[in-house]
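One letter stands for each residue in the lines below.
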Amino acid sequence: MNWNDVAVLLPEIIVTIGASLLLLGPFLRRKPRPAGMSLGLGAGQPAEVSTGDESAKWWMLALLVITAISLIGVSWAAEGLALSAGFSQMFALDAFSIFFKLLFIVVIAMVALLSDDFLRESRYSAWEYYSLLGFALCGMMFMASGVNLITIWVGLELMSLSSYILAGYYKNEEKSTEAAMKYFILGAVSSAILLYGISLIYGVCGSLNLMDIEKSLSTLISNDALMFGIMLLAAGLCFKVAAAPFHVWTPDVYVGAPTPITAFLSTASKAAAFAIFARIFYSALHDFHLDWSNVLATVSALSMIVGNLAAITQTNIKRLLAYSSIGHAGYVLLGIISLSDWGIRGILIYTTVYVFATLGIWATILMMRRHEYAGEEIDDFEGLSKRAPFWAFAMVIFLLSLGGIPPTAGFIGKYYLFSAAIEAGYGWLAIIAVVMSAVSIFYYFKIVVAMYLREGKEADMVITRPLQVVGAVALAVTLIFGVLPAPLITQVEQSSHWMATRAAVPHVGR
Amino acid sequence: MDSLTANVPLLLFLIVGTIAVASSILVVAMRNPVHSALFLLVTFLCVAMLFIMRGADFVGAVQVLVYAGGIMVLFLFVVMLINVRSLPHERMTSPFLLGGLAVGAAIFVLFATIVRTGAYHDEVNRPDLLRSTSTHITETVRAADGTVATRHVVRHHIVGNSEAVGSALYQDYLVPFEVASLFLLVAMIGAIVIGKRELSALEEETVPDFILERMETEADVKEVVNA
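Those protein sequence lines, which keep their order, are chains A and B. In terms of our numbering, the first sequence is residues 27 to 536. In terms of our numbering, the second sequence is residues 869 to 1095.
Bear in mind the hints are in silico, worked out from the structure with no lab data behind them. In this text the structure is predicted, and so the values were computed from the model without any measurement. The beta carbon of each residue, even a glycine, is placed where N, CA and C say it ideally should be. Certain hints may be false.
[Stated by the list, open to error] EDC-like, lysine to aspartate or glutamate: derived pairs with alpha carbons at most 20 Å apart:
id, chain 1, residue 1, chain 2, residue 2
1, A, Lys83, A, Glu147
2, B, Lys1064, A, Asp120
3, B, Lys1064, A, Asp317
4, B, Lys1064, A, Glu204
[Said to hold, decoys possible] Short, incomplete list of chain B residues facing chain A, as computed with Cβ under 10 Å:
id, residue
5, Leu942
6, Val946
7, Gly986
8, Val1043
9, Phe1045
10, Leu1050
11, Ala1055
[Said to hold, decoys possible] Examples of chain B residues toward chain A, derived with CB under 10 Å:
id, residue
12, Ile887
13, Ala888
14, Tyr1041
15, Gly1058
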């Protein structure tokens, strides 16, 4: 460990220190009002009580901005830095990880904005909430940068543990507690499975570093322990991305968790899991493509079918989006199965595009909330086009993007993923994907029909500034990258270049 | 006689392993939490012995210190604190028992066969290889005729167990080690967040009267309703 290593780690160090300092936030609070004034609060409005937490959001955003600046600065300087040998076995600041880290920072910033008045209306402290989000971000950054299975696993656990706590943050709500409990137990089991897979791979390869694993796999013939290790590793990762046979936790957790946390789980947490999925399978395990690709193809097909078909019958919009996100995990898996430059580009593009469209949808849902858990039935969307024409239109764009209809960015992502699958010889999988996209359009349009063709109830909306910002950013990204995808594609080509060449070298799979 | 001494480690392993498995089953089967905790202690000690027999004496010592020492005390402390004498007697058979046992047995057989038939890396099969490191030393040698020459010497030496663990933890695996400490920090924050009363400091200052007031009014309402 030398000073260059510390410099490369700077963004993570800043997030860690910042998240720890956020815990001290309550001391910034003004002196509480004298006891006599409390009688004026009245019994009906406990929401007004938790004052003094407004600044938490600004501190959190400032922390994220500093982190982003330091990340960009370090990434400029990174090429000249000579890292010590031990450190470079653990951690890499390559184009791939920088891409994902910037994505995570943006998503966490948007989740922080989504959480703002949600927290203000609840009686739970905002400081610990943002601090936990910060630690989750730190975990995700280690996941994106880890080139050693141990670093990746520890980062994954840091993210998961933070999200278990955040899912149960409304500890007096039965649903939230239940969600946290389910998520925690299933998450712990899946981590154990993942760890067992890692230990078997270590047993066979004698190293945890992805490059060393790749080296020893290139001279190895298949063996039971290795295959079992890869399968357990894939199963653990499939749990984290909520792919089909490992998806049972998704609907309950998404419904029970506080809505901004659902937004976090369905975007950032998933993107991070896909980042490590892609990194491990592209850069370490590609020699055994022939062995794992068919298993993952089955998982992908199952996710697309189960997710999209189960979503049709849902009336709760959180549950609908949960099932739809299972389907989307199936699409992204196409990129991993195909193991080609188009595949890895597809993963990066689709993750970005999906994350922004989903955040936009969550922002719109939060605008409809009347109290803690409302605004989540499809019926609540009735007549939205009259109440808030702009946001109804934005919602249509987001849903089109998720469905993959051309003028939106979702089309670009699906185009890359599906053509990668066809190119890799998985035509049948691409057919399932296209059919299931058509099915998804059906249930997305149930929401559109409710918004435009049905008479609405007169419900007031809470369109606050932070929600508007998130919605506008998501809309801009979805539309701009839909019409002008070139900048995103060039960036993705650069970011995924190294991984793509890695995977292309021996390529037994074709 | 020779074959007997060769079999001593195996015999010891079988005895210790059997005790470990049996006591860990008893941990779950015991009704009295204190008995469970004591059997857990036996399990920890047996596992420590297994570590030592495998040549990992540092891990064995840590196992005794941390698990048998620290964690057991915590367990017993909690058990004594909440004062649970014995759990209520429930039926042991649940509808899932048979299915669970079958699935568990199937998975065990699967794992055992696969782990047995796998071919492993040399270093993993022979932990003694991991422990010998070579250091490169440049020695100055004064020859008989007075000229000074340097020569390169490679020395192999067996690294002590705790030294190996220490250098692995604080040099090779420093980054994950530090992230693991963050992980513990988050676990602590989570325990506090979930465990603390949900009133904020301001409410704690102000609300007790307000809750009292509300309780009084509720009591009044109930009285009226009952009357």
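Here's how the hints hold up against the structure:
The suggested pairing of Lys83/A with Glu147/A holds, with an alpha-carbon distance near 14 Å, which does not exceed 20 Å. For a cut-off of 20 Å, the pair hint linking Lys1064/B to Asp120/A is broken: about 41 Å separates their Cα positions. Taking the CA atoms of Lys1064/B and Asp317/A, the gap is about 50 Å. The hint is violated against a cut of 20 Å. A hinted pair counts as satisfied when its Cα atoms are at most 20 Å apart, and Lys1064/B with Glu204/A qualifies at roughly 18 Å.
Contact between Leu942/B and chain A, as hinted, is not supported at the beta carbon level, the nearest pair being about 20 Å apart and thus beyond 10 Å. The beta carbon of Val946/B is not positioned within 10 Å of any beta carbon in chain A (closest approach about 20 Å), and the interface hint is therefore violated. The interface hint given for Gly986/B is met, as the beta carbon of that residue sits about 2 Å from the closest beta carbon of chain A, less than 10 Å. With 10 Å as the threshold, the beta carbon of Val1043/B comes within range of chain A, its nearest partner Cβ sitting at about 4 Å, so the hint holds.
Because the smallest distance between the Cβ of Phe1045/B and any Cβ of chain A comes to about 9 Å, under 10 Å, the interface hint for this residue holds. Proximity of Leu1050/B to chain A holds as hinted, the smallest CB-CB distance being about 6 Å (cut-off 10 Å). Taking 10 Å as the C-beta contact cut-off toward chain A, the hint placing Ala1055/B at the interface holds, the least distance being around 6 Å. Evaluation of the Ile887/B hint against chain A yields a violated restraint, the C-beta minimum of about 25 Å exceeding 10 Å.
The beta carbon of Ala888/B comes no nearer than 19 Å to any beta carbon in chain A, farther than 10 Å, and the hint placing it at the interface is violated. Satisfaction of the interface hint for Tyr1041/B is found here, the shortest Cβ-Cβ separation to chain A being roughly 6 Å, below the 10 Å cut-off. Because the beta carbon of Gly1058/B sits about 4 Å from the nearest beta carbon in chain A, less than 10 Å, this interface hint is met.
Checked against the numbered hints given earlier, the structure breaks hints 2, 3, 5, 6, 12 and 13 and satisfies all the rest.
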